[in-house]
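Following the hints, position chain B against chain A.
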Amino acid sequence: MVVLAGVSVIVFGLVHLVPGDPVRLALGTRFSQDTYDALRERSGLDQPLVTQFFDWLGRALSGDLGVSFRSGDTVTSLIAERLPATLTLAFASILVALVIAVPLGTISALRPRSIIDRFATLISQFGISVPEFWMAIVLILVFAGTLGWLPSGGYVPLSEDPLGWLERLVMPAVVTGVVSGSVITRFVRSSVLEALGADHVRTARAKGLPERQVFTWHVLRNALLPLVTVTGVQLAYLLSGVVVVEIVFSWPGLGQLALQSVQARDYPVLQGAILLFAIVFLVINLVVDLLYTAIDPRIRR
Amino acid sequence: MSGQPVLEVEDLRVRLRTPRGPADVVNGLSYTVGAGETVAVVGESGSGKSVSVLALLGLLPSGVATVTGSARLQGEDLLTMRPDRLRQVRGPGAGMVFQDPMTSLNPVLTIGRQVVEGIRAHSDLDKAAARRRAAELLAEVGLPDPEGTLDRYPHELSGGMRQRVIIAIALSNSPALLIADEATTALDVTVQAQIIDLVEKLQAERGTGVIWITHDLGVVAGIADRVLVMYGGRCVEDGTVDDVLENPVHPYTRGLLGALPDLAQPAVDGVVPDLATVPGVPPAPTDLPKGCVFWPRCPVRGDARCETEQPPLTVIGSADVVLPHRAATWCTERTFGAESPGVGRTFGAESPEGGLR
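For the record, the sequence lines run as chains A and B.
Per the working numbering: the first sequence = residues 1 to 301.
Per the working numbering: the second sequence = residues 1001 to 1357.
If you are wondering where the hints come from, they were derived from the structure by calculation, not from laboratory data.
Remember, it's a predicted structure, so these values are computed and weren't measured experimentally.
Possibly wrong hints are sitting among the right ones.
Here are a few chain B residues that face chain A, going by a calculated C-beta distance under 7 Å [stated by the list, open to error]:
1. Leu1059
2. Leu1060
3. Ser1062
4. Thr1066
5. Gly1091
6. Thr1103
7. Pro1107
8. Val1108
9. Gly1118
10. Leu1157
11. Ser1158
All residues carry an ideal CB built from backbone N, CA and C; glycine is no exception.
For reference, chain B alone in the conformation it holds in the complex:
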């Protein structure tokens, strides 16, 4: 976790042109990913998680998206890079694993072809050598019969196997950074665990930096070194896993954690309590609130400035650590005590509208 970070993102902003006017999908996102470090990006659907990483590799449709800020991958800014250089970086610089393994492979080309073309795009290996390399990769990601798999088509493999293939493709040029965009969301839980183990193992072997986008907080606790909570295209809280998951400060983070069902404390009097929720929906990126992005749904609203001013990310606690815990909120006093385990359950009830939903 020391030395120069693999990726440094600074003030990343993405604006999309939509029929309903410009949408500010990512609004000033800054974070770093160190070598061998896993940064989890969490947030609801529509919080700008996927867009923020697609923007890094220039994978957003060019006519529609305007990306500003800087994103230095091993010191080189991805956002101002010439297209042919960016192409060279995709693969050896950063590999990407996508959400839906069912659609992320080309159905009419063999697995072998799809792995080999990625290898050959960045090396001088001849076909036979690239094919041997492809078979090695498939073996590495734990596919049985790698040689045979090369000649098969995506529809002949299960979802988990396809996702392994996609991971093999992403890793085929030994990237410094691996971006997993909801890589396990479409998979069932056992396969999900296998894929996570696989990524952790490969990461440990290669020292790859990982950005793991998810909305599954269980996954976050399992793999991440650092967590970044996104809401309305902003980072509302970040820090080490322990800081963020154990001592959440931002009302949104607390709401998210409170929405986890507590299996250790089951039914009282045979009644299973309703799942706590964060009432309301995320703001539309075409129409963001003037003040704090979370203000419309916030149960605390502890400061008059909340409605009119976006609170900056400020360090909570000690600033003298490698990974300071930061949150974009003024209510640092934790008025309804994050240390009390009951906070999640009562979260909704304290909302200004009163009551859950």
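The shape of chain A in the complex, shown without the other chains:
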């Protein structure tokens, strides 16, 4: 709660520090001073910042994040409209990331300095350093352009067209999934390596346990904790909108919404979006902490 309060103050301050006048932008090039003043007054922008802040805060607490300067829609409805697309992409990406990272990281750790390990290191280095937009464009060129297998972008809800939903989801999910997956691969590798070298693994072997049991219960089980942490961080990052990928694939997610509202100085929408990102981070951290206590008895009280 304290964090949220802090975040809202900072967000509010930063948003208003951005140069540019939303009213001027909203009105276009030709308008009278009267219209300008009226609009300023109606949107509360003539009030001192502190008053504006508490106005906004009061309404936000009751679930009203205000009305967009640009479209006149409520901020909550704008966010709600974008949320399914963002959730879909984020969860699909984290799925792709885990499917790549867990096996690849584990195998690399089991055979350090083998060909697979070197290959995995190379791939993850590649995934971390290659810009997302470049990877996105290459994928579009190959799969949407040359091969023509997949549509180059857009979004349809799952309920309307399941196949179309999947087709449009694949490429953006792969791009963001590869990036997150590269980061997670490295974590998995190092945490499995660390778990492998632990004394208790030797004890487990000395008991005469089958190697698979040793690996599942004494290595993987212990490597789970860092994996949960890094997955949480990655998921939070994905949920707060992967702007570049969303733009390249015309994916109508929250990242795009946030970017558009910055460009239009659409304060209420921007504040709402950032507040939502902050909430997402907090919720994910809470979930990660709860998972910790489930995984590691040392944290339980």
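Just chain B now, with coordinates in the frame of chain A:
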């Protein structure tokens, strides 16, 4: 102590691949452990004690270690055994207790699980029966409230209690051989005494052969039937406890014994004498001396061959006993009399460099 020995190790050698080249950590170690017998393996850190027993059970990292020689556990060679057979032997054949009870148990699994999985890996007991057996074992190693302990996690137990749990795990399949690798080093002295008593009691009940690795000579005198002194990956002296501790022959053994503080003879004129030490450090296993492994630190160097040739283990005194006293040195004449109690104190002073350190 009669009949077929539980373990016969012959010419055990371990070479490790290290970034600084191959390291010969164990160089031709041979010994036997009889049923109900306790063999103490003593030596400084880095003398190859732990590696030599980890090698027996194939617990060294496979890509790094090359193990040769033979080690017959109840007649079956551990070193050439197929991996699945070796797995079956770990537990019922040989149980192992490790040095650090704080890290030797998995922190995220309950004690019960960790004892039960060891039992179930080698028997057909169902979960409930294995759990009852686990509770019995915990009671046997002297843990209060064994039932409750089963549901606790390692971090909820003290070091001594954890070490009891590890002993219970090692004994859970009634092994013919128990290997205790510095099992009491990390524990405080009273707990150490309890653990030693416990192992002795269980050993007497079950007739288990025990290898007790330690660098604590006090512990050795207390529990061992036989002592094997290791230096530079070799056995430099072995024999019964009485032979080795009372009449040490090898200059290294004498140095070790001389380094024990003598509490019975305290300060002269209010001055507590400095602790005697064996000057120098053990040789690096990547760069062993050409001759006797102890030559670089040896205060005697009584024979010209010492520098160029490794002295073989030869029997000292009578060979007609069950456990002959052997030492790998040429200076059997005990030039500076092991019978004189002052020898330990003056040991360092007679080193070629002159003086302590």
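Output the numbers, in ascending order, of every earlier hint that fails for this structure. Hint check: 2, 3, 4, 10, 11 fail, others pass.
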